[in-house]
Amino acid sequence: MVEFEGIILHIGSFLVIAGIYAIINVGLNVHYGHTGLFNIGIAAFFALGAYTASILVMPPPNPDLYQRYEWGGNLAFTLGSERIGFDLWFPLVLIAAAAVCAAVAYLVGSVTIRLRGDYLAITTLGLGETIRLVFTNEGWLADGTRGLNGIPRVMDGLVDPHWYDFVFLPLVLIVLVIVYFVSQRLAASPWGRVILAIRENEDTVEVVGKNAFQFKLQAFAYGAALMGIGGALYAFAKHSITPAAFEPFFATFIIWAMLILGGSGNHRGAILGSFVLWAVISSSQFLPGFLGDPNLRLAVIGLLIVVVLLVRPAGLIPETRTRT
Amino acid sequence: MVINTNALRDAVVSIVGERGFKAIERSVLVFVFALAVWALIWQLDLTVNGLLVGSVYALGAVGLSLVYGNLHLPNIAHGDYMTLGAFVALFVFGSLVPEVWSQNSVGPFTFSYTLFIALPIGVAFVAVFAVAVDQLVYRTMRRRGALPGVMALASLGVAIALRGFIQYIWGTEVEHFPRVSKKFFIWTVDLFHLQDVQVRVPPDMIFVAAAAIVLTLATYLFLNMTKWGKAMRAAADNEDLARVTGIDVERTNLLTWVIGGGMAAAAGILFATGQGQLLTISGWKLLIPLFAAVVAGGIGNPYGAFAGAIFVGVVGEVSTAWLEPSYKPAVFFAAIIVLLLVRPNGLFGQSRS
Chain A
3 MVEFEGIILH IGSFLVIAGI YAIINVGLNV HYGHTGLFNI GIAAFFALGA YTASILVMPP
63 PNPDLYQRYE WGGNLAFTLG SERIGFDLWF PLVLIAAAAV CAAVAYLVGS VTIRLRGDYL
123 AITTLGLGET IRLVFTNEGW LADGTRGLNG IPRVMDGLVD PHWYDFVFLP LVLIVLVIVY
183 FVSQRLAASP WGRVILAIRE NEDTVEVVGK NAFQFKLQAF AYGAALMGIG GALYAFAKHS
243 ITPAAFEPFF ATFIIWAMLI LGGSGNHRGA ILGSFVLWAV ISSSQFLPGF LGDPNLRLAV
303 IGLLIVVVLL VRPAGLIPET RTRT
Chain B
561 MVINTNALRD AVVSIVGERG FKAIERSVLV FVFALAVWAL IWQLDLTVNG LLVGSVYALG
621 AVGLSLVYGN LHLPNIAHGD YMTLGAFVAL FVFGSLVPEV WSQNSVGPFT FSYTLFIALP
681 IGVAFVAVFA VAVDQLVYRT MRRRGALPGV MALASLGVAI ALRGFIQYIW GTEVEHFPRV
741 SKKFFIWTVD LFHLQDVQVR VPPDMIFVAA AAIVLTLATY LFLNMTKWGK AMRAAADNED
801 LARVTGIDVE RTNLLTWVIG GGMAAAAGIL FATGQGQLLT ISGWKLLIPL FAAVVAGGIG
861 NPYGAFAGAI FVGVVGEVST AWLEPSYKPA VFFAAIIVLL LVRPNGLFGQ SRS
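Note that the protein sequences, when read in sequence, are chains A and B.
With the first sequence counted from 1, adding 2 to any position gets you the working numbering.
With the second sequence counted from 1, adding 560 to any position gets you the working numbering.
Hints listed in this document are in silico derivations from the structure and should not be mistaken for laboratory results.
Check the hints yourself; a few may be wrong.
Residues of chain B placed beyond 10 Å of chain A at every Cβ, according to the derived structure [said to hold, decoys possible]:
#, residue
1, Trp-661
2, Leu-707
3, Arg-760
Now the stretches of chain B that chain A is said to cover, found in silico as 3 or more residues with beta-carbon under 8 Å [said to hold, decoys possible]:
#, segment
4, 719-728
5, 881-893
Where is the CB? At the ideal position from N, CA and C, for every residue including glycine.
Only chain A is shown next, with the shape it has when bound in the complex (with noise of 0.2 Å):
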């Protein structure tokens, strides 16, 4: 009996984390698939989304616990998380956490975007480590390499703390859901259609008289938004952060793994790609011997993405590409 409830907790928490990948590779789809930019730097997105909803539901530091970030309690008191009561103030959060990725986003896109195209890699690629040194080094942020323990939960309460994800889960898949149809609905509008149209061939947008370095500024900082949104309920799910949760494999390598598998151009692909790639990577660990070693799990992840690209570079559920 008792294995039964762990299959059905691992269940559980294998489906709100594959869910939160999921909504994160609808912002990589929009990157890349979309739009073409290559982003590397997905973690610092990630991160970015987990600490600031971390920051802003956080209690003051407890002294005994030995907690000494600066910025908890005050910051989400004096804005008032506490007249709202904290359910209502998680969908706050997550637009927080959404708004500074989609402003940081802005920033480094608007230096990068309009150079060469691969420069947006090897800047995102020192962001990523950036952002996550800033979270190691500054303990009166988020308190260092001890990260931040005991992020208040929504909807607590309701039932023993054991299922807790299957309170979350509903929340995790309504969150994407919204994120699935909203960007589904932007690919089809007409921004959208220039999106693709850059992606196809910037020249012809430009000749036809879009600014298409706007309208990839744009899409960049929409795509980080949503990462941000993952992020942010990702620190929920947790229950608690560190910087190295933020290392490249789990937050940027595993995440490209996915999208290349279900298919990029295609949010469908990459939401199914998640929750594949998700179901192998979480349950290797069970494999007996050699197969479970994290580091073989590192170089399949590698190869995958390779052979995906040769093999079947559509992925799984290729695009359907429109003539008009």
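Assemble chain B onto chain A, guided by the hints.
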């Protein structure tokens, strides 16, 4: 002109006019230059070490820039090629040469003559590896006419897979080559009779810097003096034109990988020697300063990359006078951003129309 083509310039010009802009530009330049010279003199120790670290970055950056320029591929696996080279050398030290051979060191350095066995083996291995990856992955993609972004993505996959296998085989602990502890070189410099500054330099770094300069010089001579080198440059410049004039572009591509991979391995081995330690992650961590160097030097310009690497090395070391050393990657990131804002074509690049 300092600022080439961008928003910053347009915005400033619209406020103060063209002449005002020139005046601002000149005074900012003078100010920054004076500040830099002042900082470099008072932080002589860090400056000297920055020059040496920069020369190791240069080894990696020259190869990276060469591949970038010739194959239009920002090779994200370059750092992991460096790691691979270093671990192959570790294998040579550990398993191929008898341990006794490594016990006597050369002159003032910490390494023994066995480094000169391990270095060529590592270089050859990675060169062959780079060519093999090109044949298996990138050539297929080139034939298919894949976009540069897709190729870069494939190189990310190669980087992840390679690091995974290296960690699977060797584990993730800190390793080091066989070494004999040696004293640092210490010079005391009297600065204008105001202050004595101690310059402390690990002896290995001097060797590493010299090796970096020799290898870069050899690359320069190869690219400019030999038939194959000229063919490579021609293919980088205009692939179709090169093909029409009878250059085998596939072969120059392979040659690019041989040189790029070989130099990556040399950089990885020399960096591990100079640092006295070797981590599976160190190559990946080096990507940020290497790309900063390539951007500073102007992409596809190997000699620019050398100067860019020296610049990046000095900036990184001198920054530790005021910032936590762990913030170095953030300094490199800031350097990339500032360079892209101010000189998008590199420190010495011409503005292209």
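Hint by hint, here is what the structure shows:
no., hint, result
1, Trp-661, "31 Å, holds"
2, Leu-707, "8 Å, violated"
3, Arg-760, "25 Å, holds"
4, 719-728, "holds (count 9)"
5, 881-893, "holds (count 7)"
Hint 2 from the earlier list is the only one contradicted by this structure; the remaining hints agree with it.
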